[in-house]
Amino acid sequence: MTVDPHSSESSGHVPERHNGVQWPMLIGLTVVWVLLWGGLTVSNVLSGLVVAVIVTLVFPLPPIVFTGRLRVRGLAVLIGWFVVDLVVASAQVAVQALRIRHRPLNAVIQVDLRSRSDLYLTVTAELLSLVPGSLVVEARRSTSTLFLHVLGVRDESDVEAARRRALRQEGRVVRALASDEELAAYRSEGVGR
Amino acid sequence: MNIADVVSAACLLAGCTLSLIAAIGLVRFPDLFSRMHAGTKPQVLGLLLVLVGVGLRLRDWTDIGMLLAVAMFQLLTAPVAAHMIGRAAYQGGAVRQDTLLVDELTSALEADDPGQSGRT
Chain E
3 MTVDPHSSES
13 SGHVPERHNG
23 VQWPMLIGLT
33 VVWVLLWGGL
43 TVSNVLSGLV
53 VAVIVTLVFP
63 LPPIVFTGRL
73 RVRGLAVLIG
83 WFVVDLVVAS
93 AQVAVQALRI
103 RHRPLNAVIQ
113 VDLRSRSDLY
123 LTVTAELLSL
133 VPGSLVVEAR
143 RSTSTLFLHV
153 LGVRDESDVE
163 AARRRALRQE
173 GRVVRALASD
183 EELAAYRSEG
193 VGR
Chain A
3 MNIADVVSAA
13 CLLAGCTLSL
23 IAAIGLVRFP
33 DLFSRMHAGT
43 KPQVLGLLLV
53 LVGVGLRLRD
63 WTDIGMLLAV
73 AMFQLLTAPV
83 AAHMIGRAAY
93 QGGAVRQDTL
103 LVDELTSALE
113 ADDPGQSGRT
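Same order as they appear, the protein sequences are chains E and A. When we follow the numbering used here, the leftmost residue of the first sequence carries the number 3, and every step to the right adds one. When we follow the numbering used here, the leftmost residue of the second sequence carries the number 3, and every step to the right adds one.
Please keep in mind that the hints were generated in silico from the structure rather than gathered at the bench. Please read all numbers here as calculations on a predicted model, not as lab measurements. Don't be surprised by glycine CBs; every beta carbon is placed ideally from N, CA and C. Some clues are possibly wrong.
If you want the ones that stay clear, here's a sample from chain E, every Cβ over 12 Å from chain A, calculated [stated by the list, open to error]:
#1 Arg71
#2 Leu169
#3 Arg177
Covered stretches of chain A (in silico footprint by chain E; criterion: 3 or more residues with CB under 8 Å from a CB of chain E, positions within the stretch not fixed) [said to hold, decoys possible]:
#4 17-31
#5 68-74
Stretch by stretch, here's where chain E covers chain A in the computed footprint (C-beta under 8 Å, at least three residues) [said to hold, decoys possible]:
#6 34-47
#7 85-91
All chains, full assembly: derive it from the sequences and hints.
This is the structure in structure tokens:
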């Protein structure tokens, strides 16, 4: 991923790849290692830590900028809607798959997200990919734009509905994770549209 | 046979049904993107239901930890894989326009300066 050097936006700046030790990453990798070995023993934890250090040193990743805080209520709303969406989406796609002599019409739409954050862009894209009739085909971090493939649209109003659904998903992500300043900026951006 | 066994059996059956429908969708849908919908949606929920069903039946923390890891990796990797295939399809020109009502990505790609085509 390269970024336009003339971009003056702070979001266009790719953080340096980290060469130091990333503690959250180490702990996460160790937990996965212990889960995979299926037992919490001293040797498992130690070997997991060794593997985690090697992995983070060999494959350094840019740090995720996270300045917000977890909001319990927003998170509950986000997860609740995700489960509902997942069930509804599965039913819809299942119906589409089973209908005889039916060619679903699709659309590829552009959604400009309101927030400017790699983390929210990623989380929103992940969730959108997993839920109702939408699939992320392309993402641009410089402008926080997602391109979605939407299954089973009939007309323009369905297209607009899909766009609104994507923006609502982003709103739920921001309300679950953002700091107060980010939330205020997000709201004012929403009013500006 | 107690209530957990009944719920477990129901989850397993529902999960298997959804996975079967995903397979049918893979065969029946006309183009790549529709097929990816079949691959990511009913199959993700289908797998989760199967995992819940297995977890309710085993009731062992070691196994449940392993099932959680499976669910986590499935949720993390399915969208990434679909995204990579989608991008490759667009850049390789494997998109069937006759199945699309609206296509805003092709015009956006064409509007891009050719020198910046790698920038996404």
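Hints and how they fare:
Listed as a non-interface residue, Arg71 of chain E keeps its Cβ farther than 12 Å from every Cβ of chain A; the least gap is roughly 23 Å. Every Cβ of chain A is farther than 12 Å from the Cβ of Leu169 of chain E; the closest lies at roughly 15 Å, confirming the non-interface assignment. With 12 Å as the threshold on Cβ separation, the claim that Arg177 of chain E sits away from chain A holds: the shortest Cβ distance comes to roughly 21 Å. With a cut-off of 8 Å between beta carbons, the stretch 17-31 of chain A has 7 residues touching chain E; three or more are needed, and the interface restraint holds.
Figure legend: the stretch 68-74 of chain A, annotated as covered by chain E; annotation consistent (3 residues with Cβ-Cβ distances under 8 Å, at least 3 required). A count of 10 residues in the stretch 34-47 of chain A with a Cβ less than 8 Å from any Cβ of chain E is obtained; the coverage claim is therefore met, three being the minimum. With 4 residues carrying a beta carbon less than 8 Å from a beta carbon of chain E, the stretch 85-91 of chain A meets the three-residue requirement, and the given coverage holds.
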